[in-house]
Amino acid sequence: MKALFLGGVAADTYAGIKDELPAGLESTVIGEPVDRARLPDAAIDADILVSNHWRADYPPAPKFRLVQSVATGTELFELAALPKGCAICNSFGHETAIAEYVVMAMLALHHRFFQIAGEFRERGSWATSWVQSGKPHGEVRGSTLGIVGYGRVGREVARRAAPFGCRILAANRSPRERDPEVERIYPLAELDRMLPECDTVAICTALGPETTGLITAHRLALMKPTAFLINIARGQVIDEDALFAALSGNRLGGAAIDVWWQYPSQDDPNRRGSRHPFHELPNTIVTPHNSGWTAGMVRRRWDEIADNIDRFVRGDSLINLVTTT
Amino acid sequence: MKTVFLGNFGARPGVWEAILAKTTEKLDTSVLFDLGDSQRLIPALAEAEIVVSHIWKKDFPPAPRVKLLQSVAAGIDLIDVPSLPRGVTVCNVAGHEQAIAEYVILTALAWHHRLIDIATAFRGGVWSTGGGAGGGPTHGEIMGKTIGIVGYGKIGREVARRAVGFGCRVIGANRSPIADKGDASEIYQLTEIDRMLPQCDVVVIAAGLGPETTRLIDARRLGLMKPTAFLINIGRAGIIDEEALYTALKDNKIGGAAIDVWWQYPTAAEPNRHGSRLPFHELPNVILTPHCSSATDGARDRRFSTVAGNLDRYVRGETLNNIVLQT
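Heads up: the sequence lines are chains B and D, in that order. Position 186 of the first sequence, counting from 1, maps to 186 under my numbering, and the rest follow consecutively. Position 302 of the second sequence, counting from 1, maps to 302 under my numbering, and the rest follow consecutively.
Don't read these hints as lab results, they were simulated from the structure. Any given hint might turn out to be false.
What the hints assert, rightly or not - Far from chain B by the CB rule (all over 10 Å, computed), these chain D residues:
1) GLY87
2) LEU109
3) THR247
Stated by the list, open to error - With a Cα cut of at most 25 Å, we get these calculated SDA-like pairs of lysine to any residue:
4) B:LYS135 <-> D:SER276
5) D:LYS250 <-> B:GLU122
6) B:LYS135 <-> D:PRO43
7) B:LYS135 <-> B:ARG155
8) B:LYS135 <-> D:ASN8
9) D:LYS145 <-> D:ARG123
10) B:LYS135 <-> D:PRO271
11) D:LYS181 <-> B:ARG141
12) B:LYS135 <-> D:LYS26
13) D:LYS181 <-> D:GLY153
14) D:LYS253 <-> B:ALA295
15) B:LYS135 <-> D:ALA11
16) D:LYS154 <-> B:ARG141
17) D:LYS181 <-> D:ARG236
18) B:LYS135 <-> D:GLU17
19) D:LYS253 <-> D:TRP263
20) B:LYS224 <-> B:ARG155
21) D:LYS26 <-> D:PRO43
22) D:LYS253 <-> D:LEU190
23) B:LYS135 <-> D:ALA269
24) D:LYS57 <-> D:TRP263
25) B:LYS135 <-> D:ALA237
26) D:LYS145 <-> B:ARG299
27) B:LYS224 <-> D:ASP301
28) B:LYS135 <-> D:ASP34
29) D:LYS58 <-> D:LEU209
30) B:LYS84 <-> B:ALA295
31) B:LYS135 <-> D:ALA94
32) D:LYS145 <-> B:PRO163
33) B:LYS135 <-> D:ALA18
34) D:LYS26 <-> D:GLY36
35) D:LYS226 <-> B:ARG299
36) B:LYS135 <-> D:ARG302
37) B:LYS135 <-> D:ARG300
38) B:LYS224 <-> B:ASP267
No residue lacks a Cβ here, since even glycine has one placed at the ideal position from N, Cα and C.
Okay, chain B solo, but in the shape it has when bound:
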């Protein structure tokens, strides 16, 4: 049996799990940038693809039976280019890291952490301190957190936020069983009823037809003018122009943005994440799509991928099956 590890993340994954792979599995690794000259030979007889993408203009891969994504999102696999009967599985292990990021961002925004710590370090300014008659900052306790997309990440966020004494609401596309931490789960179609209640809105959905452009100018306007928006899902869930307008016009309290509308490319490695200067807004925390990128996440994800390859080789049922072509 043969496996093709394709792309930079897959190459790192191979290095991390090669000792755990089933004996007899023949692996080919094509890292970043993808060497197209090596691709035809590697693709023609591979049974397993481990990658984050597959393109329609790639050479034939008639034997693929397992496509193991190294990420949770599988939107970069062009399904029409894959053979029929191929199982597409994704991988997780990031929910702990991202849930920590969401709670951290929520705390940092309410506590005005960057402003206070920044001014104290750079200017020695005590002005923000209560000791010096400064204005009090906010706290998470007693505030309402709305989680858009109550999946693995959303649930982990709720579990961590509840001991802070927040009220927790959620909205989800499909009906979900309510955990005790959550007061109410709205259908996604009733999101407009949830948004005005929230002091913090955390976007934790997958990107799909129902969530692309979900957070429009209209929905941003439904939020409190003091509310904070946290996006760890995908940039495209939020209308880029509308969010920039709301933040720069102080019609929102602030935001923490980890996922972007555009990414660096080989030609433009320092490309900003948006055509708007979100990085110049004082009320916005910007991070480079790394909320899930912890050492713990990488290890957990590698273990899941190694486990699934092992299951496939042994003919066991697969974990994290997204779809079958």
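The hints should help you fit chain D onto chain B, whose structure is shown.
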């Protein structure tokens, strides 16, 4: 009932009015911000039955009628107890513990996730300080980490409750024995702190300042901590040896620190005075905040309600809350 709001806490504009607005009983109130104004301090203290202040100085003029000294802070380290008249009940306030617990979890998260470095670099357009899309190094998580809390009181318990939600193990050390451990898995005697420190990924100083805690964290104890350990001080600066901590951070003997309480404070002459004579603000592995971990709107409101409630109780002759001591 003669009541005087005193000093830069009790008599601060915005504070005393907000407290009075929450009282229901009638008080005969005066307000004195400047403790050095003896012309006004002498008559005020001569008549007052209630004093709202977090300060009582040795050289205060006689206060023969005072019965209640109600602080608007938790710590009573600025109250010179021996110079209080006999028969005074000293009460403090809480309500800050939830705010401080949020700060502790925030800084522990920010440190492990390298939030300040990554977000600051990304503001400048650099993707690669964080991993993920930028292909940089991974950062840490707090899941599975051991958090050691020095001084397991109200704040410590609130920290513990939140930390276990993240999958942390919480241990603590306390001066007096603790019957109910709350969310902590083990509480050491303060005298056994040397056994606790080597286990901790995060050490939180949440103790009050007293004889047992002054310079508790010295060079030797910093040396017992893991070289990756993160130290958070929201107690009082005097609990930590200033030079020893600076050296440990500068030489990377410990991982980093979040410091909210300081060895020195700004003065009227020097409003931007640094919190230490050593340049902590130049160290990259330190998160510095200006003694504001408790300064949330919620904590203020809870504190003011506590003070107002106690003033009302005193006037009505009811049992007081938050009694610290009686002279």
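The hints, checked one at a time:
In this structure D:GLY87 is separated from chain B by more than 10 Å, as the shortest Cβ-Cβ distance comes to about 31 Å. A beta-carbon of chain B comes within 10 Å of the beta-carbon of D:LEU109; the shortest separation is about 4 Å. No beta-carbon of chain B comes within 10 Å of the beta-carbon of D:THR247; the shortest separation is about 20 Å. A threshold of 25 Å between alpha carbons decides the hint, and for B:LYS135 with D:SER276 the separation of about 23 Å falls inside it, so the pair holds.
Only pairs whose Cα atoms come within 25 Å are accepted, and D:LYS250 paired with B:GLU122 is accepted, the gap being roughly 18 Å. A C-alpha spacing of about 32 Å is found between B:LYS135 and D:PRO43, which places the hinted pair above 25 Å, so the restraint is violated. Restraint check: the Cα-Cα separation between B:LYS135 and B:ARG155 comes to about 34 Å, which exceeds 25 Å; the hinted pair is violated. Distance restraint check for B:LYS135 and D:ASN8: the Cα-Cα separation of roughly 15 Å lies within the 25 Å cut-off, and the hinted pair is therefore satisfied.
A C-alpha spacing of about 29 Å is found between D:LYS145 and D:ARG123, which places the hinted pair above 25 Å, so the restraint is violated. At most 25 Å may separate the alpha-carbon atoms for a hinted pair to count; B:LYS135 and D:PRO271 meet this at roughly 16 Å. The straight-line distance between the Cα atoms of D:LYS181 and B:ARG141 is roughly 23 Å, inside the 25 Å bound, and the hint therefore holds. Using a Cα cut-off of 25 Å, the hinted pair B:LYS135 and D:LYS26 is violated, with the two alpha carbons roughly 29 Å apart.
The suggested pairing of D:LYS181 with D:GLY153 holds, with an alpha-carbon distance near 10 Å, which does not exceed 25 Å. A distance of roughly 22 Å separates the Cα atoms of D:LYS253 and B:ALA295; the hinted pair therefore holds under the 25 Å criterion. About 16 Å separates the Cα atoms of B:LYS135 and D:ALA11, which keeps this hinted pair within 25 Å; it holds. For the hint pairing D:LYS154 with B:ARG141, the CA-to-CA distance comes to about 16 Å; that is within 25 Å, so the pair holds.
Our distance criterion of 25 Å between C-alpha atoms is met by D:LYS181 and D:ARG236, whose separation comes to about 23 Å. Between B:LYS135 and D:GLU17 the CA atoms are separated by roughly 16 Å; this keeps the pair inside 25 Å, and the hint holds. For the hint linking D:LYS253 to D:TRP263, the alpha-carbon distance of about 21 Å falls within 25 Å, and the restraint holds. At most 25 Å may separate the alpha-carbon atoms for a hinted pair to count; B:LYS224 and B:ARG155 meet this at roughly 24 Å.
Between the alpha carbons of D:LYS26 and D:PRO43 the distance comes to roughly 21 Å, so the proposed pair stays at or under 25 Å and holds. With a CA separation close to 23 Å, the supplied pair D:LYS253 and D:LEU190 stays within the 25 Å bound. For the hint pairing B:LYS135 with D:ALA269, the CA-to-CA distance comes to about 22 Å; that is within 25 Å, so the pair holds. Restraint check for D:LYS57 and D:TRP263: satisfied, since their Cα atoms lie roughly 20 Å apart, inside the 25 Å limit.
Proximity of B:LYS135 to D:ALA237 is assessed by CA-CA distance (about 23 Å); at most 25 Å being required, the pair is judged to hold. A threshold of 25 Å between alpha carbons decides the hint, and for D:LYS145 with B:ARG299 the separation of about 16 Å falls inside it, so the pair holds. In summary, the hint linking B:LYS224 to D:ASP301 is supported, as the alpha carbons are separated by about 22 Å, within the 25 Å threshold. The suggested pairing of B:LYS135 with D:ASP34 holds, with an alpha-carbon distance near 21 Å, which does not exceed 25 Å.
Under the criterion of a C-alpha separation no larger than 25 Å, the hint pairing D:LYS58 with D:LEU209 is consistent with the structure, at around 19 Å. Between B:LYS84 and B:ALA295, the direct Cα distance comes to roughly 36 Å. Violation of the 25 Å bound is thereby established for this hinted pair. The straight-line distance between the Cα atoms of B:LYS135 and D:ALA94 is roughly 19 Å, inside the 25 Å bound, and the hint therefore holds. A C-alpha spacing of about 18 Å is found between D:LYS145 and B:PRO163, which places the hinted pair at or below 25 Å, so the restraint holds.
Taken as a hint, the B:LYS135 and D:ALA18 pair is honoured in the structure, with Cα atoms around 14 Å apart against an allowance of 25 Å. Simply put, D:LYS26 and D:GLY36 have alpha-carbon atoms about 28 Å apart, too far for the 25 Å limit, and the pair is violated. For the suggested pair D:LYS226 and B:ARG299, the alpha carbons sit about 23 Å apart, so the restraint of at most 25 Å is met. In summary, the hint linking B:LYS135 to D:ARG302 is supported, as the alpha carbons are separated by about 16 Å, within the 25 Å threshold.
With a C-alpha separation of about 11 Å, the suggested pair B:LYS135 and D:ARG300 falls inside the 25 Å cut-off, and the hint holds. Taking the CA atoms of B:LYS224 and B:ASP267, the gap is about 40 Å. The hint is violated against a cut of 25 Å.
Of the hints listed earlier, those the structure fails to meet are numbers 2, 6, 7, 9, 12, 30, 34 and 38, in rising order.
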